[in-house]
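*Asks:* Sequence:
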Amino acid sequence: MPTNRLHILALTLLVATVSCGEMGRAVDPEVQNLRAFARLYGYVRFFHPSDEAADIDWAAFAIRGAGRVRSAANPTELKAGLEELFLPIAPTVQIYAAGSPPAVVSTAPDDRDGLSLIGWHHLGVGLGGQGSIYRSKRTNRDLAVAPSNPIGTALQSVDAAPYRGRRIRMRARARADVRGTGNQGQFWVRVDRSGQRIGFFDNMADRPIKSSEWAAYEIEGDVDEDAEQIVVGCFLAGTGRLFVDEFELAALTADGVWEPVALENPGFEAGELGGQPTGWITPVAGFHYQVTPDYPAVGEVALRIESRVARVAQELFATSRASEEAVQRPLGAGLEARIPLTLWGDSASTWAPEGRARPVALAALKEQLGALGGSGSPAADEPATTNTRLAAVVIAWNVFQHFYPYFDVVDVDWDAELTRALERTLAAESEEDLYRTLQRLVASLGDGHGNVFHPDFAPRGRPPFLLDVVEGKVVVTRSYVEHVQRADILVSLDGESAEDLLRDAEQHASGSPQWKRFRALGSLGAGEPGSVVTVTLSRNGEELQVEVERQELTAARHEFEREPIEVLEDGIFYVNLDQAEWPVIAEVLDDMAAAPGVVFDLRGYPRGNHAVIGHLLTAPDTSTAWMRIPQIIYPDQENVLGYQEDGWRLPVLEPHIEGTVVFITHGRAISYAESFMSFIEHYGLAEIVGQPTAGANGNINPFALPGGYRVTWTGMRVLKHDGSQHHLVGIQPTVPTERTLAGVQAGRDELLERALEVVRGD
Numbered sequence: 001m002p003t004n005r006l007h008i009l010a011l012t013l014l015v016a017t018v019s020c021g022e023m024g025r026a027v028d029p030e031v032q033n034l035r036a037f038a039r040l041y042g043y044v045r046f047f048h049p050s051d052e053a054a055d056i057d058w059a060a061f062a063i064r065g066a067g068r069v070r071s072a073a074n075p076t077e078l079k080a081g082l083e084e085l086f087l088p089i090a091p092t093v094q095i096y097a098a099g100s101p102p103a104v105v106s107t108a109p110d111d112r113d114g115l116s117l118i119g120w121h122h123l124g125v126g127l128g129g130q131g132s133i134y135r136s137k138r139t140n141r142d143l144a145v146a147p148s149n150p151i152g153t154a155l156q157s158v159d160a161a162p163y164r165g166r167r168i169r170m171r172a173r174a175r176a177d178v179r180g181t182g183n184q185g186q187f188w189v190r191v192d193r194s195g196q197r198i199g200f201f202d203n204m205a206d207r208p209i210k211s212s213e214w215a216a217y218e219i220e221g222d223v224d225e226d227a228e229q230i231v232v233g234c235f236l237a238g239t240g241r242l243f244v245d246e247f248e249l250a251a252l253t254a255d256g257v258w259e260p261v262a263l264e265n266p267g268f269e270a271g272e273l274g275g276q277p278t279g280w281i282t283p284v285a286g287f288h289y290q291v292t293p294d295y296p297a298v299g300e301v302a303l304r305i306e307s308r309v310a311r312v313a314q315e316l317f318a319t320s321r322a323s324e325e326a327v328q329r330p331l332g333a334g335l336e337a338r339i340p341l342t343l344w345g346d347s348a349s350t351w352a353p354e355g356r357a358r359p360v361a362l363a364a365l366k367e368q369l370g371a372l373g374g375s376g377s378p379a380a381d382e383p384a385t386t387n388t389r390l391a392a393v394v395i396a397w398n399v400f401q402h403f404y405p406y407f408d409v410v411d412v413d414w415d416a417e418l419t420r421a422l423e424r425t426l427a428a429e430s431e432e433d434l435y436r437t438l439q440r441l442v443a444s445l446g447d448g449h450g451n452v453f454h455p456d457f458a459p460r461g462r463p464p465f466l467l468d469v470v471e472g473k474v475v476v477t478r479s480y481v482e483h484v485q486r487a488d489i490l491v492s493l494d495g496e497s498a499e500d501l502l503r504d505a506e507q508h509a510s511g512s513p514q515w516k517r518f519r520a521l522g523s524l525g526a527g528e529p530g531s532v533v534t535v536t537l538s539r540n541g542e543e544l545q546v547e548v549e550r551q552e553l554t555a556a557r558h559e560f561e562r563e564p565i566e567v568l569e570d571g572i573f574y575v576n577l578d579q580a581e582w583p584v585i586a587e588v589l590d591d592m593a594a595a596p597g598v599v600f601d602l603r604g605y606p607r608g609n610h611a612v613i614g615h616l617l618t619a620p621d622t623s624t625a626w627m628r629i630p631q632i633i634y635p636d637q638e639n640v641l642g643y644q645e646d647g648w649r650l651p652v653l654e655p656h657i658e659g660t661v662v663f664i665t666h667g668r669a670i671s672y673a674e675s676f677m678s679f680i681e682h683y684g685l686a687e688i689v690g691q692p693t694a695g696a697n698g699n700i701n702p703f704a705l706p707g708g709y710r711v712t713w714t715g716m717r718v719l720k721h722d723g724s725q726h727h728l729v730g731i732q733p734t735v736p737t738e739r740t741l742a743g744v745q746a747g748r749d750e751l752l753e754r755a756l757e758v759v760r761g762d
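So in the numbering used here, spot 754 of the sequence shown is number 754, and the numbers just go up one at a time.
If you're looking for bench data, these hints aren't it; they were derived computationally from the structure.
Errors might be hidden in some of the hints.
[Unchecked claim] When the alpha-carbon atoms are kept at most 20 Å apart in a straight line, the in silico SDA-like pairs for lysine to any residue are as follows: (1) 473 <-> 538; (2) 366 <-> 67; (3) 720 <-> 642.
With these hints in hand, go ahead and build the complete structure from the sequences.
*Replies:* Here it is as structure tokens:
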């Protein structure tokens with residue numbers, strides 16, 4: 001457990017104007033109220049096992065709760081607000097003045113015949129990701145498992161040729177029976193261009209369908225001159241039900257008239273009732289697609305898309321719990337709470353002593369949450385918008401507080417980060433301010449997989465050049481326009497210092513220094529495709545200013561263009577593992593095995609080609625416990641029960657690669673690439689030329705937040721094969737190699753040159 005957590009748990013008396021993570025610094029009472037709500041929110045959501053809590057919309061609850069407690073004038077009012085919120089869903093939770101615990105509410109009935117003990121088990125933490133290896137389940141309660149593919153779609157396409165260069169419009173009606181963040185309906189239109197390129201695309205990611213009432217939706221965009229087909233459709237993301245009806249597609253004529261474009265069965269009236277929709281493609285298993293007469297928008301029927309949910313009774317892991325357990329925790333603002341971690345229950349409900357259950361209050365709370373919808377879509381007034389933003393912070397902070405597996409190796413006062421994030425959110429003047437706040441929050445974790453996404457803040461355009469930091473300078477390493485040259489030093493973008501922009505971008509990126517650098521360099525100058533950015537460059541000691549147009553990124557851009565596999569003049573093989581897929585490698589394995597040497601380039605992400613490792617091994621892989629998913633039953637990551645351990649168990653494969661082998665890597669190699677490189681490092685299979693890898697490995701565990709945000713992070717603990725720290729450290733080169741300005745000027749791949757020197761023994 002992190003040192004700051006031990007400090008927090010030792011506190012029992014809190015002064016209302018002092019943050020327990022930052023002793024001595026005055027904190028606004030509104031922030032203290034929100035801190036108390038945030039702490040109790042995490043304890044009840046993730047660890048209190050009542051049926052009422054398991055059935056609540058926690059995203060909407062966070063929005064409602066933030067608004068309810070903000071204005072509490074004193075601990076008494078705050079306590080009343082917290083009880084109003086939490087007791088309907090957690091009737092055995094007790095909230096009280098710090099240092100004055102009341103008599104313990106019993107959670108054990110006298111007659112336990114037919115009852116079972118119920119408590120939360122978290123394998124990592126289940127956050128609704130379909131097909132995820134991470135799960136959360138209450139003991140003696142079934143786990144609902146959604147489809148492995150999270151999107152159930154219905155679509156059809158039309159020939160784009162008659163509509164090239166014209167504007168198109170799709171209209172349709174929909175309603176959704178969904179609950180919780182990330183579960184929603186969306187319409188979409190996509191224009192497919194020649195060469196498997198995508199033209200116009202809109203899937204309503206910024207305006208999802210979550211209302212239970214029928215409403216009309218519209219998408220409008222342009223058809224490219226080389227368009228081949230127009231694809232229209234709808235989908236249900238996550239769990240729930242989506243109803244759609246009355247599709248219309250039209251193209252704008254030169255006279256400004258919308259000309260209908262024929263769709264097959266646009267109102268779903270054709271076909272068998274209860275069957276699949278005629279004329280529509282439904283390619284994703286795990287969902288029901290049915291023509292239904294239930295409450296159509298127009299005509300007699302509509303299309304219903306519904307997720308299939310399986311029920312799993314098997315426990316995630318074994319525990320020795322045989323009696324009731326509870327924890328007492330300080331909440332701040334002069335309050336503490338006692339939270340039962342186990343409850344007795346039968347197949348119908350969890351047990352609470354007489355007089356504690358509040359069915360009327362629970363019904364009223366659910367009605368309030370239903371009005372919010374959990375979508376985080378702000379109402380017209382500013383306070384509702386602020387509450388939604390605060391809810392996003394509360395949820396994100398708690399996920400990491402209880403389940404982030406690397407607090408022991410990351411230097412962060414996580415409690416203080418909650419205070420700072422709440423303060424920034426209250427001061428936010430725009431949605432972008434919250435986006436930046438969430439970025440800073442995730443950045444403080446030092447997690448290379450940590451990222452925050454929002455459709456409004458995902459510019460697809462980049463300046464037409466690549467950058468690196470060489471000899472302390474931000475340098476152009478490749479240019480796609482004539483007036484920017486390789487080896488130009490980037491001075492500024494739109495008048496802002498390149499060094500300042502890089503520093504700011506690194507502060508908002510999560511991970512090791514080497515990974516933050518690559519992330520930040522890739523984001524410099526980002527904006528909308530086609531927009532212009534003014535670039536100041538230093539070339540041969542003179543400054544010049546040019547304007548360049550941002551280009552849309554349709555594929556990865558590489559500084560050095562080489563074939564995925566090359567045989568050099570002296571018979572040495574070069575294999576780019578970022579580009580060469582395994583079937584292509586397998587075709588030349590015999591020649592590669594007999595070659596005098598092989599250089600494997602892994603400065604990116606493997607292409608499913610890690611079988612290469614087996615052709616380097618001389619004995620079977622025995623390192624089978626380096627990937628570890630924590631088994632958690634207590635809050636604040638106290639007393640982690642154990643780990644579900646795994647590895648790759650790679651065999652020895654023939655033919656064995658006999659020549660001298662060298663790998664090239666650096667800080668852009670992350671996750672799967674580091675799993676690959678971990679075998680090279682641990683078993684000493686080759687020399688490693690370059691710089692340390694990113695230092696972030698393990699499956700991500702994404703989750704959605706109110707307001708349309710999506711967060712990714714590392715949900716498991718990954719070590720080196722010898723049990724030492726990998727996180728933030730990465731795979732270390734055995735032959736460290738840095739680039740030079742002279743090398744960039746000459747267009748040399750200095751890491752490859754060094755690798756070839758090692759192979760040749762120079």
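*Asks:* Does each hint fit the structure? Answer for all of them.
*Replies:* Now the hints, each set against the structure:
1. At most 20 Å may separate the alpha-carbon atoms for a hinted pair to count; residue 473 and residue 538 meet this at roughly 11 Å.
2. Distance check on the hinted pair: residue 366 and residue 67 sit about 16 Å apart at the alpha-carbon level, within 20 Å; holds.
3. This hinted pair checks out: residue 720 and residue 642 have alpha carbons roughly 18 Å apart, not beyond 20 Å.
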